[in-house]
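J.: Now for the letters of each chain:
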Amino acid sequence: MGDSFEEVRNDVVALLPRLRRFARTITRHREDADDLVQLAVERALRRLDQWQPGTRLDSWMFMIMKNAWIDEVRTRVRRDAVLLPEEAGEHVGDAAGDWPTDRQHLRMDVHKAMQQLSDDQRLVVGLVLVEGLPYKEAAQVLDIPIGTLTSRLARARETLQAILSDTREARA
Amino acid sequence: MTISDDTLARYVDGELDAAERAQVEAAIAADPELAGRAQQHRALRGLLSATYDPVLDEPVPERLRDAARAPAADAKVVDLAPRRAAARIRAGWTWTQWGGMAAALLVGILVGRGMPGDDIAAEGGQLVARGRLAQALSTQLASTQPADAAVKIGLSYLSRTDAYCRSFALAGTQTAGLACRRGDDWALRLLAQDGAAPGSGDLRQAASPVPASVLSVVEEDMQGDPLDAQAERAALQKGWRR
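Top line first, the protein sequences correspond to chains A and B. Straight run, no breaks: the first sequence in the numbering used here ends on number 174. Straight run, no breaks: the second sequence in the numbering used here ends on number 494.
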């Protein structure tokens, strides 16, 4: 491995906070989010020679995370199938972490609302609305046409807005 | 003019060019209902930022930094195949001599790390399973093994070179690996020592006893899918021969 690989490696380290944020948007539990980041970093380092200089490293990492997440989802479905519903629900709050109480409710509501989306929709929301990727870039990461991306995004927005306005009314 | 939902979303997401943007802004200025919808879109983006942006300010767990900084030839993962390939081209040594030394050294290192010496042996420059490891690889089914087995079998699959391979984990040593059938032996293809603290709610540990370092080799080495319980049993009954 040459020096250029070392530079990319440093760039990956610098990206870790954003990789963690993206992981948090698509996973339910925060431990799963960091596991996903770790898995993706390990995979990326094994394939550094596949990254094309001049392209966006963040997009490449997001793509590896997306693939790792899809692999993980398959195993997750099996695991969740044996969890009691109460148990599963109990952990939703953990994902919110140690936020100050006044803002915590809001963030938990948003994170819970995100769980109502499909995995595909959460990926789009994470890339476009949280990570701020242009549509074209996000569509490439997900390997889908732009039209598919925008329709998933539209449905996700509708769902989130409906859930969150209901929640706010219930709290008010 | 009417502004579609799609255009409004693209406006809020910064996807419009200057001319389109000016049109939408003019329409918003003239239409409070449209202005309200644009505000809703912005509010949603704001909520998502307020929820997830604080992650950026959290300290990054050390294990993630370590994963990104791990040297290319990670000492914790010994991929035996490339090691042998590299050894073969060294001038002055036949690969068998060199491989034999490397294998003997490895056995020493592994025993030093708490792996029982009678579970592996160096033979002809190749590490092979012996003792309870060989026993488990030949006779244990992932679907029926006890939870507290000393050797836990993970995935079984057919490699690209058409040999049966099985991943395993050794209880209490944090050592996992991959062995492939070669004649009557199980040749060790990979050994990995996982430094991660056990029981930290690790998703992969919960889902399967196969660590990521082993999985990524399996991914590249496997033809098709892992064996299911039935195929695993059938392969066992044939003595893991093709």
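Check the hints yourself; a few may be wrong.
Said to hold, decoys possible - With a straight-line cut-off of 20 Å between C-alpha atoms, the simulated SDA-like cross-links for lysine to any residue are:
1. K138(A) <-> R297(B)
2. K114(A) <-> H293(B)
3. K114(A) <-> D265(B)
4. K138(A) <-> D257(B)
5. K114(A) <-> S301(B)
6. K138(A) <-> G149(A)
7. K138(A) <-> D265(B)
8. K138(A) <-> M474(B)
9. K114(A) <-> D305(B)
10. K138(A) <-> T259(B)
11. K138(A) <-> Y263(B)
12. K114(A) <-> P306(B)
13. K114(A) <-> D257(B)
14. K114(A) <-> R273(B)
15. K138(A) <-> P306(B)
16. K138(A) <-> L268(B)
17. K138(A) <-> Q54(A)
18. K138(A) <-> L488(B)
19. K138(A) <-> A295(B)
20. K138(A) <-> D258(B)
21. K138(A) <-> A270(B)
22. K138(A) <-> G266(B)
23. K114(A) <-> V264(B)
Stated by the list, open to error - Computed beta-carbon distance windows for the label pairs:
24. E160(A) <-> S390(B): 53 to 61 Å
25. R493(B) <-> G134(A): 50 to 58 Å
26. K138(A) <-> Q275(B): 32 to 40 Å
27. F7(A) <-> D309(B): 23 to 31 Å
28. E9(A) <-> G491(B): 49 to 57 Å
29. G134(A) <-> P284(B): 24 to 32 Å
30. R321(B) <-> D73(A): 17 to 25 Å
31. R434(B) <-> A156(A): 52 to 60 Å
32. Q117(A) <-> D309(B): 17 to 25 Å
The set of hints was computed from the structure by calculation and includes no laboratory data. Glycine included, every Cβ here is placed at the ideal spot set by N, Cα and C.
J.: Tell me the hint numbers this structure goes against, listed in increasing order.
T.: 3, 8, 13, 14, 15, 18, 19, 23, 26
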